[in-house]
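2 protein chains.
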Amino acid sequence: MNGRELTSPLLESAVTELSRLPGLGRKTALRLALYLLRREPEQAEALAHAISEMRRGVRYCTVCHNISESDVCPLCSNPARDSSTICVVETVKDVMSIENTGQFRGLYHVLGGVISPIDGIGPDQLEIDSLVERVAAGGVREVILALSATMEGETTDFYIYRRLGTLPVEVTQLARGVSVGNELEYTDEITLGRSLINRRPFNS
Amino acid sequence: MNGRELTSPLLESAVTELSRLPGLGRKTALRLALYLLRREPEQAEALAHAISEMRRGVRYCTVCHNISESDVCPLCSNPARDSSTICVVETVKDVMSIENTGQFRGLYHVLGGVISPIDGIGPDQLEIDSLVERVAAGGVREVILALSATMEGETTDFYIYRRLGTLPVEVTQLARGVSVGNELEYTDEITLGRSLINRRPFNS
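In order, the protein sequence lines correspond to chains A and B.
Throughout the first sequence, residue numbering follows my numbering, covering 28 to 231 in sequence.
Throughout the second sequence, residue numbering follows my numbering, covering 28 to 231 in sequence.
A few of these clues could be false.
Heads up, the list lumps identical chains together, so a pair's fine if it works in one copy or across two of them.
What the hints assert, rightly or not - Below 20 Å or equal to it, Euclidean Cα-Cα: the simulated EDC-like pairs (lysine to aspartate or glutamate) are: (1) LYS54 - GLU181; (2) LYS54 - GLU126; (3) LYS120 - GLU39; (4) LYS54 - ASP109; (5) LYS54 - GLU117; (6) LYS54 - GLU179.
Don't read these hints as lab results, they were simulated from the structure.
If you're wondering where the values come from, they're calculated on a predicted model, not measured in any experiment.
Model the full assembly from the supplied sequences, consistent with the hints where possible.
And the structure:
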């Protein structure tokens with residue numbers, strides 16, 4: 028497709044902006060724009076309004092760096108949460124995933140990624156200093172490392188573990204093992220090996 | 028995912044509106060929203076503005092029913108186009124596809140679909156009356172039927188052919204045949220049969 032075929036510069040401009048979103052090619056963007064043209068005008072207005080308001084209103088929590096509409100996010104300011112436990116994650120999405128498990132009542136710390144020399148991401152680009160400060164301020168009993176089980180994730184785990192070394196805090200890591208629902212036959216050998224080493228007493 | 032996990036109602040609202048678009052699930056919508064939050068605010072504003080302006084400014088050409096920003100679209104009002112030939116298509120997208128071939132200099136007529144009793148679409152819901160009026164007004168030498176080569180498309184072809192029956196106009200249909208680049212082995216037998224019946228003198 029080229030610019031010639033769109034008889035409307037307004038459509039052209041909407042297609043261009045939509046196709047700047049990740050994973051949306053020009054064809055998909057055109058399909059979405061034509062869909063909005065077929066629907067009632069209110070739907071397009073509601074979408075435009077929601078995007079604009081979101082970008083203006085959402086910022087990052089100054090404590091845990093999760094998204095928030097206030098300086099301190101609802102999780103950090105909730106007195107019912109256990110502030111003695113901090114779960115360290117890579118992204119905002121990981122906070123959502125863990126919240127969805129319903130298994131965690133502590134607070135979070137969003138690093139913004141993992142150490143990855145190949146992508147030019149060093150510890151300074153991540154929220155590691157602020158994590159150390161949070162723990163050093165006291166009141167934190169346990170730091171749970173919930174980063175990806177990749178080389179970069181484990182490197183970052185180790186780096187954080189070292190940085191927290193002198194502080195009186197327990198550092199734990201998510202369990203590695205066979206995925207629930209997975210057949211043993213299709214579990215990779217490294218995972219299988221670690222799940223064997225970390226075997227646990229059977230509770231019926 | 029449920030509503031609980033999003034710590035921001037503004038994000039929640041943007042995700043909801045994005046996921047109303049066809050083919051975008053809630054997970055994809057969340058990914059797009061978080062992407063916009065990571066980018067500079069100008070990108071989200073430009074997207075919101077483009078969507079809103081498009082929906083407000085784009086309407087349909089009163090002659091051919093293609094999208095337009097004025098009463099009569101740039102194609103219909105272009106004196107360099109051949110107004111004696113009208114190409115009948117299903118959708119606005121088909122106009123774009125044919126324009127992209129660079130093989131057509133006439134005008135269009137967008138039906139808005141094809142006759143499909145199973146979907147409850149009869150001739151009255153399509154722009155067929157306005158096509159007959161356009162042709163009856165005179166000056167049209169040829170009507171090219173460029174609808175889908177499906178049962179519904181061919182039914183609509185036949186219906187239009189009958190409706191135009193008494194008017195002094197030639198009605199043609201897009202050639203059916205083996206797709207360019209396709210191996211004969213993988214061409215279906217109906218297409219192959221029709222391409223044999225409609226064989227043409229070889230031009231080297």
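Review point. Going back to the hint list, which numbers does this structure go against?
Key: 1, 4, 6
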